[in-house]
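Participant: Protein chains in written order, with the numbering used here: chain C, 1 to 259; chain R, 1 to 219.
Everything labelled a hint here was simulated from the structure, so no lab data went into it.
Keep in mind the model is a prediction, meaning the values are calculated, not measured.
Careful, some of the hints might be misleading.
Computed, partial: chain R to chain C, Cβ under 8 Å [claimed, not checked]:
id, residue
1, R136
2, V137
3, Q141
C-beta atoms are modelled at their ideal positions from N, C-alpha and C, and glycine is treated no differently.
Residues per chain are reported as follows:
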Amino acid sequence: MNADTSPLRPMAAGAKIIRYRGVIKRYGGFQALGGVDLDVHAGEVVCLIGPSGSGKSTLLRCTNGLEAIDGGDIEFEGAMLPRDERALRAVRTRMGMVFQSFELFPHLTALENVAEGPRTVLRNDLVEANRRATAMLAKVGLADKASSYPSALSGGQQQRVAIARALAMEPDVMLFDEPTSALDPETIGEVLSVMKKLADEGMTMVVVTHEMTFARRVGDWVAVFDTGRIVEQGPPTQIFDAPTTERTRDFLSHLGWTG
Amino acid sequence: MSFDWSVVWQNRDALIAGTATTILLTVATMAIAVPCGIVVAILRLYGWAPVRALATAYVEFFRNLPLILVVFWAFYVPPILTGLGLSPLATGLAALALNVTAYNAETFRAGINSIRRGQVEAAMVLGMNRVQALRRVVVPQAVRRILPVLASTWVSLFKDTSLVSVIAVTELAYVSMQIRAQSFRVLEMLTAMAAIYWLLGYPQAKLVDWIQRRFAITE
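With the rest of the complex left out, here is chain R (with noise of 0.2 Å):
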């Protein structure tokens, strides 16, 4: 059996736009996931009744489908619905970003939710407004529990933007399936596709662990 690893060397550009695009995606999706994130989960928090059914129908939703599954269906179906497409990318960028808003919701909806109603209490002795316990007590303290869940979402986006090379968009799974396709080194691809992985995602992953350090409250 011989190996022929010159294949990863001769394809690196198509790997390094890979590589690239991958980052893209994960970047993209998070920069739109945390603000909408925010947004849905104040809406479940503290929205007129029927707006908050709406976000916690969106949540549980999402929350629920295989990524895999939205994927496709961002794919194949407002096509057929609209007769319009969004390019892959557009497509697999909308399909993460819709999982990873219910997923942010759901953290952020759980950190202010997790901060005891003593502490909002003690905020309104003091004479505080509703927004100013929220500003100076509640929210200091649930960023702190927020972070750490987020960092790890993003951990996890990042590994889970390959699903979207079933639709052809070109990130780094989708590359190297292509060139393993073309050249037939099925070991030499998985495995520098693994390697990239997993040198990018070891930092972040050893990032979220110091967040989750340096962010841990004491009480």
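Just chain C, with the same shape it has in the complex (with noise of 0.2 Å):
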């Protein structure tokens, strides 16, 4: 692992999970991120928040390679992202993702959505796979849903099964990229209890959101994004109690935050 020169968190008590230095991505002229640095910890849940196209979902998308950097460098336990294909397919593996629009596969039931990373990924046989994905859907409160379609399902029970599906491959980190957004207000607190669920039994979870209540009670970390960079990032006591930079006070003044 580097030497970290300017250590953010001397006080953390996990490994290094993610290790973000200057990440810069653009997208034609218009730099998405202008380098981006934040410490992701074993077992700490890290909430990126801030306004829309601030860049939050962008480093979310960087750091399994969905996106290539254009600068800076993404270390994953240990190892700097690699960029060969092969590679980066068994990094995705030890990463599970959630999109804020699910992505779950329409043509197959939700037992099998998330049976099919350990089949066709894992080649897990049909029993094994089963298994897992039958567990998984019970850790998610879903167990009587395991033939159902995910049409015949709520966008919040569409959520958790991609929970599950990301978890199947029993990942090391969790990235969640605006997970209730797409939600009806009565489904959003199901998706978020399954997710506080998870931080309690100490997954390490980076997440996308605008559930700022979710950021403060959950999160160990919080980072504020602003047009592609960090501008202020600490506990969620700091952030969401005594915020240090104007931008953050905006932000949240913004969302009618009152602490």
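Could you use the hints to bring the two separately framed chains together as a complex?
Facilitator: In structure tokens form, the structure reads like this:
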């Protein structure tokens, strides 16, 4: 592991799992990330907040190589994120990802969706893959929906299946990209409580979210993004109760956050 | 005015043979145009840029020419250019296959493109490679969108085979017209021809309706 020249968080307990240094991403002339430094330690929930288009999702998508970075570096479990597709695939099996739009496979049942990764990527036999998938569906409280197709599930249920699908790979880290932004208000809670349960079990999580209450209560570390940079990062008590930058105060007051 | 329907019965062997040729043309055309359509679609989607341009040019060329023109062209032009001529049946089959391959290629391409990018990403974040993502996620969904279109193309093709009668392929339309010319029984032969096309075409159209219901995707 590289020596940390500018320790952002000397006090953090767990080993560093993800380390971002000077991460830059451009889309043509637009700079989506303008040098991001961030650490994610084992067992931690790191929440990325900030206005839309500020680079939070882009950073998440760079983490598992869905987008290639244009500068800086990202380390995962002590090794540079590979550029080579084959090595990148091996890394992806250790990072679960949950999308805003769920992206369940509509031609497969809930159980088949969750068993797909173990079957196709981990080469489990059908019995083992189904056993795993059943356990994961039970974990997100959807054991009774195993044979339902995604179209027959509510948004909240679909997102919980998507979480189970990611968990079935037994990842070291879970990446959540605005997991509740596409949901009806009444189903947001069920997804957040599954995520809270995961956090309580010690899962390392990076969560892009607009749910400030979740970031405040469940997050161990919060990074505030604006125009491709982190304008402030710290424990939730600092960010929400005593923000040190004007930009953070502005953002929170626009959301009507009163502490 | 008197009708003589016996002309239909008297010529039943020729009509049956013509019908068989029509069915053969339809089946053979699709047997060529489905695999070729897949190849052209793959070249258009994933090919090296010049190959992609060539495949696109092919599709846009044949999709926008009247089929009857292609039939005439296939019949008259190759012998002029090369001195070699195929049989009318082979020529008609080639013309139909060129046309339907272009349509099918477009159907396959559109079907694959209709699957959201997010679906491929969902497969990739599980650690799948591109081939696995295509095989396990994209193709099974694309097939459900492609099959109904392919089935409609089939029904159109079944009727369009009548166009190759202009180069004397002895399919149902040509045979009927020949009998009409020899017997002067215009109304009887046109009616018989219509009845045969309809009786064969209607169940196919119903089958297409069923396929479209059966494979409808709900998201």
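Participant: Now, for every hint given, state plainly whether the structure supports it.
Facilitator: Outcome of the hint check:
1. R136: With Cβ-Cβ at 5 Å, under 8 Å, it holds.
2. V137: With a minimum Cβ separation of about 6 Å from chain C (threshold 8 Å), the hint on R:V137 holds.
3. Q141: 5 Å, holds
Violation of the numbered hints given earlier is absent; every hint is satisfied by the structure.
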